[in-house]
Amino acid sequence: MTATHSNSALKIIPLGGLHEIGKNTCVFEINDEIMLLDAGLAFPTDGMHGVNIVLPDVTYLRENRDKIKGMIVTHGHEDHIGGIAFHLKQFDIPVIYGPRLAMALLEDKLEEAGVADRTELRRVRPRETVRLGNSFLVEYVRNTHSIADSCSVIIHTPVGVVVHTGDFKFDFTPVDGEAFDIQKLAEVGERGVLCLISDSTNAELPGHTPSERSVYPNLDREFAQAQGRLIVTTFSSSVHRVNMILELAQKHNRKVFVVGRSMLNVIAHARDLGYIKCPESLFQPLRALAQTADDNVLILTTGSQGEPMAALTRIADDSHRQIRIKAGDTVVFSANPIPGNTIAVVNTIDKLMMRGARVVYGKEKGIHVSGHGSQEDQKLMLALTRPKFFVPTHGEYRMLLKHAE
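Note that the sequence shown ends on residue 405 in my numbering; no numbers are left out.
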């Protein structure tokens with residue numbers, strides 16, 4: 001998309017996240033200045049044998065590296081920050097702004113990849129404003145999503161205001177009490193929005209997406225019913241869900257054994273930032289698992305998407321060095337398969353059942369809700385911002401088409 005005003009032309013160039021789920025990357029260019037918004041990765045589909053991750057084509061950025069003034073990050077999910085370390089091996093990004101949790105997670109990735117010296121990370125809080133170059137002034141707006149510290153952004157340019165929602169839903173009873181800053185959206189809508197770029201993931205679903213809070217009683221039920229060891233898997237970055245699971249572990253007198261590097265890292269950062277509050281004594285090392293009574297065990301693990309090297313996948317394959325499934329175990333999938341992962345997840349569930357576990361999964365159990373808004377959420381976003389132009393993003397083609405309707 002190109003918008004013009006006097007001698008300026010704003011180009012909005014999505015490099016990923018359209019006609020697909022994942023690798024969300026957007027380029028804003030005006031007056032020979034480029035600002036990036038997010039740079040994610042995608043996971044391979046079933047036919048991509050031997051492929052671990054998928055990245056967007058960034059040839060345009062390599063060829064125009066001298067124009068890059070910086071990057072805006074909306075939140076810390078892999079499909080929004082997972083590509084940054086790879087791109088920094090090809091071109092520098094002078095500065096990257098983002099919410100505190102996203103920057104903490106990104107810092108780990110850059111240090112591990114050996115590219116931390118190729119950019120500067122700056123943490124931003126909601127309602128703070130940052131400038132990139134002479135052409136971009138960006139306001140951060142708190143939104144509600146499945147990860148803590150998630151934001152929408154208001155981008156002021158010489159040709160007008162662009163609102164990028166990032167990933168969002170309108171959760172009016174957020175578990176952390178941090179509500180979507182609807183007032184800020186209404187204010188910018190009143191002043192005039194040139195273009196809205198909005199999350200389309202659940203455009204095919206009628207109504208509002210339920211609150212994260214609605215999951216709690218259903219997970220509580222599963223904790224109460226589990227007789228032996230309880231194994232729970234969810235997205236490691238779903239900090240609110242992880243915090244909920246830890247609270248339930250305390251309530252039901254279960255010690256927590258965390259398995260999977262990404263889960264360990266996210267919990268550590270979330271505790272440091274105050275998003276997860278629980279006593280250190282709740283956690284136990286895996287070496288203490290054999291000495292803990294089964295009905296006092298909660299294993300919190302990665303692998304909700306059937307990823308080949310994730311802990312739960314290895315447990316299901318009976319190849320994990322420290323954990324073996326046994327009769328009486330209950331495994332709870334507090335996550336739904338993302339597009340492309342269904343077969344891998346089903347295979348993991350089958351293997352767990354064949355080894356004697358009781359497996360709890362499926363939408364009818366109410367143990368997962370999406371972090372993305374459905375049709376009524378999307379209508380509310382349009383009503384608040386009242387844009388002149390609208391660009392649906394973050395979705396496969398049918399989702400974008402439905403959102404446009």
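In short, the hints are calculated from the structure, not lab data.
Check each hint, because a few of them may be wrong.
What the hints assert, rightly or not - No more than 30 angstroms apart at the CA atoms, straight line, and that leaves these computed lysine-lysine pairs for DSS-like:
id	residue 1	residue 2
1	Lys365	Lys326
2	Lys11	Lys184
3	Lys69	Lys388
4	Lys365	Lys277
5	Lys11	Lys277
Of all the hints numbered above, which does this structure not satisfy? Sort the numbers upward. 5
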